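Undergrad: Each chain, written out:
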Amino acid sequence: MEILVCARRVPDTSENEIELNAAANDIERDDLVYSVNEPDNYAVEEALQIRDRVGGNVTVVTIGGEDDEEILRRELAMGANQAVLVSDDAFAESDGKGIATILKSFVQKGHYDLILTGVQADDGAAQVGGMLAAMLDYPFASLVNAIAVEDGKLKVSREIEGGNREINQIDLPCVLSIQTGINEPRYVGMRGIRQVASVSIPTLGASDLGVDQSAVGQAAAKVSRIDYFVPALSKGAEMLHGSREANADRVLELVAAKGGLK
Amino acid sequence: MVGIFSPSLITDWLVPGRNLFLTIHVLGVACFFYIVAKRLVPLRRAERDLRFDHPLTRLGNVLKFWLGQWKHPRYKFAGTLHILIFAGFILLATRAFTVLIVGVSPNFVMPGLSGKTGHIYDIITDYAATVVFLCMIVAAVRRLVFKPARYAVPAKYGRGHTADAVFLLGLIALLMVADSLFAASNSAGHSRHGESVEALAVLSLPWMLKMVIGSMPMASLWGLNVGAYLLHELTFYFLLCYRPFGIQFHVETSLFSVYFAKLERGTLKPVRWGVPDEHLDQVKSFGVKKFEDFTWKHMLDFYSCADCGRCADNCPANAAGRPLAPRFLTIKARDYVFQHYPVLGRPQEGKPLIGTIYSEDEIWSCTTCGACEEECPLLVEYIDKIVDLRRGMIDDGNVPQSLQKPLKALESRGNPYGKMEKKKADWAKSAEFQQTCSVKILERNRSAENSAGNPPDTLYFVDSITSYDDRMQSIARSTSRILTHLGENFAILGAAEKDSGHEVRRFGEELLFQALRDHNTEAIKESGVERIVTADPHAYNALKHDYKDMPPVEHISQVIAREVKSGNIQFDGVKNEDNVYTYHDPCYLGRHNQICDEPRSVLDAIPGLKRVEMKRSRDRSFCCGGGGLMLFYEPKEEQRMGVLRVRMAAEAGANVIVTACPFCMVNIEDAIKVAGLEGKMSAIDLTELVDQCISRESIPEKQETVMVGG
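Heads up: the protein sequence lines correspond to chains A and B, in order.
Be aware that the first sequence starts at 1, since it is given in the numbering used here, and climbs by one per residue.
Be aware that the second sequence starts at 1, since it is given in the numbering used here, and climbs by one per residue.
No lab work stands behind these hints, which were simulated from the structure alone.
Because the structure is a prediction, the values reported are computed rather than measured.
C-beta: ideal position from N, C-alpha, C; glycine also.
Treat the hints with care, since some could be wrong.
If you want the ones that stay clear, here's a sample from chain B, every Cβ over 12 Å from chain A, calculated [what the hints assert, rightly or not]:
#1 W222
#2 G227
#3 F286
The following label-pair restraints were derived from C-beta to C-beta distances [unchecked claim]:
#4 E522/B <-> R29/A: 24 to 32 Å
#5 A248/A <-> H279/B: 51 to 59 Å
#6 D281/B <-> R244/A: 15 to 23 Å
#7 W70/B <-> G242/A: 50 to 58 Å
#8 R29/A <-> D281/B: 31 to 39 Å
#9 A256/A <-> P552/B: 53 to 61 Å
#10 E522/B <-> A256/A: 53 to 61 Å
#11 D281/B <-> E93/A: 38 to 46 Å
#12 G350/B <-> E93/A: 51 to 59 Å
#13 G236/A <-> R74/B: 48 to 56 Å
#14 D361/B <-> R194/A: 57 to 65 Å
#15 E522/B <-> T203/A: 48 to 56 Å
Straight line, CA to CA, 20 Å or less: simulated DMTMM-like cross-link-like pairs of lysine to aspartate or glutamate [to be verified]:
#16 K419/B <-> E184/A
#17 K422/B <-> D52/A
#18 K636/B <-> E184/A
#19 K351/B <-> E634/B
#20 K419/B <-> D52/A
#21 K351/B <-> D52/A
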């Protein structure tokens with residue numbers, strides 16, 4: 001099976017202190033460290049596991065600049081067969097539809113049976129997967145947390161409210177957005193990254209893909225960010241005072257009141 | 001020992017006795033060497049291990065740990081029993097060989113053992129055989145009646161080992177009886193002929209047997225003599241050839257295991273012996289994945305283990321109910337090698353070890369505290385094997401999710417918490433603290449301008465947890481105040497300091513460790529300091545053993561102890577005289593680096609401080625739960641190691657646990673809460689206690705300090 005995974009490089013929320021910049025229209029980007037968007041990493045792991053079960057190839061693609069190559073190397077170190085960087089000045093400031101348009105051109109350049117995206121990017125809107133499927137006229141399933149390959153079709157499990165699962169059958173080729181927890185992504189160590197340090201990663205631009213430049217980039221974007229703010233910290237935790245037994249009872253009560261217990 | 005009717009003279013047997021015994025000798029010896037050769041096959045397929053250096057030190061180890069049985073008395077009863085048996089075997093070896101040769105050459109006398117010397121030797125060995133025989137009885141009774149808990153085999157590890165043990169004890173007892181009966185019937189026969197015989201040792205087994213058989217008719221004596229000889233011969237060779245199939249193989253292998261034992265404490269084996277760091281990229285696979293990835297010495301360890309259970313008895317992971325017992329790490333590997341390298345037949349290809357004989361959780365459960373290695377009488381190594389197995393898992397990407405985040409953060413931020421580098425020295429910047437103490441911060445490449453005119457000679461290496469953790473920052477501040485009190489010209493690296501990588505290395509991520517080490521090494525060299533002080537035993541161990549070409553490194557407890565001794569640190573009395581203190585030895589300070597006396601001497605110098613010892617202390621200290629990445633790992637366990645440790649402190653009658661390691665502090669403070677002892681028990685770091693009690697009146701003049709150790 002030929003599998004494409006669309007991945008993105010995002011500031012790692014666990015390793016950064018996100019602060020607003022002086023103009024309050026973006027976060028302070030100096031001194032940030034980045035990593036592959038977490039759900040995308042699960043998508044790559046899932047692709048690798050499917051490949052190892054049924055054969056085929058895994059390609060990882062990202063749209064961005066030179067810096068974004070870092071995550072492609074990480075996914076190559078995980079075991080992806082190839083990685084492609086899609087990069088062009090014309091793509092800068094694209095909205096979700098723009099990104100989906102670029103990816104659609106990329107997909108049409110190859111032959112993929114299955115396209116995976118992460119359920120959403122840490123700084124994203126969970127929209128590209130669905131748009132891409134629509135543009136390609138492929139079926140789409142979101143929030144996928146299990147995949148089984150069954151001749152020419154997939155059986156996928158989707159997470160729905162309350163942690164329940166719904167099982168769908170879906171025709172190939174299709175687009176799936178992958179929920180975290182679908183698997184346990186393998187670790188990529190320093191050694192793995194060093195071993196792929198010299199693998200060449202092809203870069204494709206707008207003309208290579210035949211992207212209509214008027215449909216992408218800032219000019220075509222119909223959604224733009226106008227403000228960015230960090231909500232004020234609320235009062236904080238409620239401290240329970242009392243005996244351990246009384247506190248335990250109160251915690252149970254509170255959790256039940258918030259719907260955490262049935 | 002020469003008999004009037006030496007068995008070799010039997011002529012009415014089907015074959016002449018001499019030929020029979022010669023045949024048994026040849027067959028027995030050939031069989032033994034064949035089996036041993038088969039046992040050596042996996043060792044020849046194993047990874048390299050460079051253990052041929054320092055022959056004198058190694059010989060010293062043999063004298064101390066093998067011949068001197070150094071570790072055995074740590075378990076008084078079993079240890080004494082073993083020393084007696086061992087001594088008996090050593091004494092009896094010559095006698096056994098003499099008896100064997102007598103079967104072929106009746107007048108043989110071992111050179112040097114003729115005449116009076118020979119008689120004295122006979123007397124001694126009469127007693128030796130008796131003692132060994134009695135020890136077998138006692139050991140069998142222990143095994144069958146008293147059943148010490150450490151010999152038990154949990155169901156998940158298969159059937160119990162008692163039957164094997166008792167069978168072996170029985171064989172040895174039989175050998176002793178056969179030997180004694182042969183001596184007794186010889187002596188009785190000689191006496192009957194009216195020859196002068198040298199007396200058997202009074203009350204020895206041969207002596208008693210002679211009392212029993214002395215009045216037998218000559219023919220019966222003759223039969224007994226031949227029977228005893230044959231029994232001795234067969235038992236001897238059966239035992240010889242049976243030993244390589246179980247724990248008794250240690251009789252042969254222990255000498256080599258001890259000679260080739262690891263010499264340096266606190267260190268780890270390289271990824272591949274003989275491959276320098278810069279060539280590691282060419283190594284195809286890291287760590288141990290299949291059995292043959294172990295080094296030959298580690299395989300030898302599997303053969304040498306005597307199944308005494310002391311490792312598991314001391315293992316905190318085992319005590320806490322984690323799925324790890326060092327003993328079974330070895331036993332399972334031995335079962336594997338016996339199965340895959342059979343004595344009859346060809347070696348079989350095996351599956352990867354993880355997922356077959358070992359589980360992932362088993363291998364991640366180890367805190368590398370070293371209690372098992374400290375205890376093992378045969379110096380079997382565990383930490384290097386565990387780390388090698390982890391290296392293999394890391395190489396395969398097989399790492400628990402709970403560890404992946406901190407490892408990634410260590411890669412991108414240089415600390416497992418993912419905190420910003422620029423905040424590393426924030427603990428030194430609070431206004432309140434700066435009023436009492438000012439800490440120089442060397443950022444990288446700025447050392448010169450920062451400290452122009454007065455470059456620091458001492459580096460305080462803080463490490464990640466003490467820099468970033470709110471609670472542990474108190475240790476950093478106390479350490480700084482103590483160094484300031486002593487008039488030391490010291491500095492910290494601040495943002496230029498990355499995690500020491502101690503646990504990164506011990507969790508098997510060697511290349512990430514090397515990146516951290518190289519970064520810190522460069523920063524330390526640029527700083528131009530002449531010595532390093534740290535309050536974190538893990539950083540101490542890393543800088544001392546894992547890094548190369550460092551200036552001398554000291555743990556703060558060594559500095560304080562020295563300055564207390566020289567009078568530069570004096571104490572006011574302890575604040576609360578009702579408190580009872582106990583000192584918890586951090587594994588990487590006490591066991592791995594043998595710094596046990598210094599912290600205690602500091603505590604004992606504080607007027608009015610009452611101190612008690614926990615049952616498990618010094619090199620038998622009980623791990624608090626592990627440091628570094630172990631704080632992130634989510635073990636499968638029945639209870640926390642820290643809770644067990646806190647209970648030990650309570651049992652000793654203490655209500656304050658003093659430690660000298662930030663990770664011990666995390667684990668013990670958590671454990672106090674979990675154990676429900678909040679308010680009744682507290683924990684304090686040695687530096688915090690010293691900082692509280694130090695007499696500020698006596699500000700010492702800065703003098704040339706003499707480094708100890710380093």
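Undergrad: Now look at each hint and say whether the structure bears it out.
TA: Here's how the hints hold up against the structure:
1. For W222/B, the condition that its CB be more than 12 Å from all CB atoms of chain A holds, with the nearest at approximately 74 Å.
2. Residue placement check: G227/B keeps its beta carbon more than 12 Å from all beta carbons of chain A (closest about 66 Å).
3. Remark: the non-interface label on F286/B conflicts with the geometry, its nearest Cβ contact in chain A lying 7 Å away (cut-off 12 Å).
4. In this structure, E522/B and R29/A meet the distance hint of 24 to 32 Å, their C-beta atoms being roughly 28 Å apart.
5. About 58 Å separates the C-beta atoms of A248/A and H279/B, a value consistent with the hinted range of 51 to 59 Å.
6. Between D281/B and R244/A the beta carbons are some 55 Å apart, a value that contradicts the proposed interval 15 to 23 Å.
7. Range check, W70/B to G242/A: Cβ separation about 56 Å, and the 50 to 58 Å hint holds.
8. A hinted range of 31 to 39 Å for the beta carbons of R29/A and D281/B is consistent with their spacing of about 33 Å.
9. Under the hint 53 to 61 Å, the C-beta atoms of A256/A and P552/B, about 60 Å apart, fit the expected range.
10. Between E522/B and A256/A the C-beta distance comes to about 56 Å, which sits within the given range of 53 to 61 Å.
11. Checked against the given bound of 38 to 46 Å, the beta carbons of D281/B and E93/A, roughly 40 Å apart, stay inside it.
12. Hint check: G350/B to E93/A, Cβ distance near 57 Å, so the stated range 51 to 59 Å holds.
13. Restraint check, G236/A to R74/B: a C-beta distance of roughly 52 Å satisfies the suggested window 48 to 56 Å.
14. Our hint of 57 to 65 Å for D361/B and R194/A is violated, since their Cβ atoms are close to 29 Å apart.
15. Against the hinted window of 48 to 56 Å, the Cβ-Cβ separation of E522/B and T203/A comes to about 33 Å, which falls outside the hint.
16. With a CA separation close to 25 Å, the supplied pair K419/B and E184/A exceeds the 20 Å bound.
17. As the CA atoms of K422/B and D52/A are separated by approximately 43 Å, the hinted pair breaks the 20 Å bound.
18. This hinted pair checks out: K636/B and E184/A have alpha carbons roughly 18 Å apart, not beyond 20 Å.
19. A threshold of 20 Å between alpha carbons decides the hint, and for K351/B with E634/B the separation of about 27 Å lies outside it, so the pair is violated.
20. Pair hint K419/B plus D52/A does not hold up; C-alpha atoms about 37 Å apart against a cutoff of 20 Å.
21. Under the criterion of a C-alpha separation no larger than 20 Å, the hint pairing K351/B with D52/A is consistent with the structure, at around 19 Å.
Of the numbered hints stated above, those contradicted by the structure are hints 3, 6, 14, 15, 16, 17, 19 and 20, listed in ascending order.
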